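Use these hints to put chain P onto chain E, whose structure you have.
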Amino acid sequence: MSVTTKRGKLLRNTGFYAAAFAAAIFVATPILFALLGGFKDNEQLRENSLGLPNPWNWQHYTDVLVDATFWRQLGNSVFIAVASTFIVVAAAAAVAYVFARFEFRGREGLFTLFAAGMMFPFAVAVLPLFIILRTFEMLNSPFGVILPQAAFGLPLTIIILRSFFRQIPGEVEEAATIDGAGPWRFFLQILLPMSRPVLATVSVLALVGSWNSYLLPLVVFTKPTWQTLPLGVTQFQGEYSSDTAKVLAYVMLAMLPALIFYAFAERQLISGLTSGGTKG
Amino acid sequence: MSSVNSKPPAPAVRIDDSQASSKPAGAGGAPRAKRRGRRPGAATLTVFIAPALVLFVLFVLFPVLFAAYTAFFRWNGLGGLPTDFVGLENFKTLIGDEVFLGDMWRIGLITVLSIAVQLPLAFGLAMLLHQNFPGRTAFRLLFFVPYILTEAVTAVLFSLIFSPRRGFADSLLAGLGFDDRIGWLSDRGLVVFVLFGILTWKFFGFHMILYLAGRQNIPEELYEAAKVDGATGGQLFRYITVPLMGPTVRITVFLSVIGTVQLFDLVYVLTKGGPFHASETLAITMYEQGFVRNQIGYASALSIAMFLVSLVFALIYQRYVLGRDLQGSLTNGGRA
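Read top to bottom, the protein sequences are chains E and P.
For the first sequence, position 73 (counting from the first letter as 1) is numbered 73 according to the numbering used here, and the numbering increases by one without interruption.
For the second sequence, position 247 (counting from the first letter as 1) is numbered 1247 according to the numbering used here, and the numbering increases by one without interruption.
Chain P with its partners taken away, still in its complex shape:
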């Protein structure tokens, strides 16, 4: 497979071979040419492969397949295996479920907002921090801090900031002369936007770091040559920076969407999906159905839907958006 990454607690990004960290000292630039077709004994192979394979089969493959299986049953999770086979019933319920449809709508909304606001903000700050001015390292370190904080802990902090009992946000507004109490997290129309603001605070630094790395990989010679030819600042940006940042931008859009589809920790701790499901995510709906209401079959259908949404998006995105990156600017995007 040409590597789809879709698990953002540990986000992953394609790179080219020029990342210093991924290169052993002295390896020069000669990958794989020297590999020998050595044939080790079966015993050795087994010992090296078994631990990872056993872990993976027991705790990743089997649970995922089991979720796919139980999605076709009505089951409360008790008493051995599920027996009440209902076919596609759970999925039929799903596509008529307003909460599920709301989850999908919010994925779209947060995606659009991220692409319109969060990623441009990150991009702008990355371009800023690429400039040489004293103190920029301190800013870079600071901007990344929100990303390293635990989502659940961040959510507790923001629930206090936006607390209905005159939280910090209200005091801040009062300090600016607006004395209204706003139901930041209790207003059904507003809550998604407050959530988006928090997500921006938490995640823009991650995208910024990726843009910064992408920008640093553009050879300065290109800019110098263009300047010699009389290009203006705007032209440099338009004809060098933007096209060469393309692959990085496309990756961050991808990671952002996948992250949005899988949102849980931050939102669950902040609002539990409320009020009235107004900030609910797919994973929260799944959690509520599975762990609170013991509708294991239906919850499994939800989790399969989440997987399919990620997968379909990933495949389409790979095919139509990332496809050219994999052939050109990135070394061996497929297998080696």
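This is chain E alone, in the form it adopts within the complex:
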């Protein structure tokens, strides 16, 4: 491995780049196909599917961007993701705090109960959830998606937060107690602000999970009012099945928010995924 000569290093780097570029082409081709395809018309897609658009056709992208349905679905996705993230992080932080910092009878049993939730595939619950939501007339209500999503996010969020909270030294809490802070003030004014990085991590995981979810919105939102972007894309494909270029523009614009989010929250996302630990 210790290649020291210039020539050797050049060779080595060439090999690296060859492999890396091969993988990059594999990854980028489908996305470029969507991006460029949206700028073509359907005739170009047929006759010139590999080349650059000629001429560049902005019609499909502008059509989607002035489409109220697209913006409504985008707004629904954002609202549902933010609401379920807020609920899961708030509820999980409170209970993780109690698990991490207090002794009480049944603590370990209760924690195990939550942690066992990791083992239930969401698909197991979706039929009963549908029946429950139908019974309580929560179909087509955003909370029919928000609350189950938050509930299924609890186990992982609790496990991560608990293991973080218990690493905060006891002295911090003692100092706060001496200064007269009760459990509430300690939790809200000291523990949570100290935990900002891990709160960011679990929030990003919850946001992404909600943003991507498909099965639950599919069965809960039978009417268009609250339908989210993933549902919207699949329906748009159904409606415009013969207009591939238009669908590609819709696909590309639906991917864009996630790509922008990734650009800004890459660190939290990666650390969440690699450290989203189950140390509990």
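Since the hints were made in silico from the structure, they are not lab data.
Check the hints yourself; a few may be wrong.
Restricting the straight-line Cα-Cα distance to at most 27 angstroms, the calculated cross-link-like pairs of lysine-lysine (DSS-like) are [stated by the list, open to error]:
hint, chain 1, residue 1, chain 2, residue 2
1, P, K1092, P, K1272
2, P, K1092, P, K1202
3, P, K1227, E, K9
4, P, K1092, E, K223
5, E, K6, P, K1227
Values in this document were obtained by computation on a predicted structure and should not be read as measured data.
Below, chain P without anything else, positioned relative to chain E:
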């Protein structure tokens, strides 16, 4: 429980304590030693626990138990609770159901393909990106992009790429000089392999990131010491990298299998399980039976089967494969 993770939209991995992100500033390395046995009032406890517990019981525990209950009935989902108790009938039907058996076969096939192709690809690229060469950050960012895209949206994109009306894949082949039309998604023998290709595209970046993190956790001193002793590159890889990457590899295999068992979004949007169930998954069979044909009891039996498959795999895997990781290289794999 020693923590089984089995929900990949938000995949989770064991780590050791050296992850910077999981450590509060200034906490040094002194976990839990300082915990006090404080006894808060019952009222305070209730307020802190209740929201999470209520959510969890209503929307996780109860539905799962309800699914287990309805699996023993014939039920169309209407009119109060199920009444037509049929015992194990649904499960008996299940083990003779060719669609179900096909689902299980495809879980095995995709698992084998993933371990043989997808994970080695991810591993190789992680080792590559661990090398220091200009531009590697850009490659790393790019390789992770497919993983962050929504499965359903990805599926729409690939259904256009593999469209029967001369999609992009056909044009690409024509550009290379092969002018055949291939029924990418309509050929019963081929569709699983096309699906596997898409799954590889979508998920290799996730495994790559885990391998990269695992590789970065191997102390460089080990390599330096071995080099001083005259080890070759191949020996470094064989005797340091491979064994120390073991825990990470075992976790990714685990996550990959569990993810395969639970596949739904991507496949449902791409093919709806077709043609003739050739790409169907357990979750799709469950969805079709429950939401399309209103066989709620049978669909519940399918979902319980999915849970059991995950659970049995997880238990066996934990016991025989992950067991040693939990004792050694990972800090407190069990409870603290």
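Quick rundown of the hints versus the structure:
1. P/K1092 / P/K1272: 25 angstroms, holds
2. P/K1092 / P/K1202: Between P/K1092 and P/K1202 the Cα gap is close to 36 angstroms, so the pair fails against 27 angstroms, i.e. violated.
3. P/K1227 / E/K9: 18 angstroms, holds
4. P/K1092 / E/K223: Roughly 37 angstroms between the alpha carbons, so the hint for P/K1092 and E/K223 is violated.
5. E/K6 / P/K1227: 20 angstroms, holds
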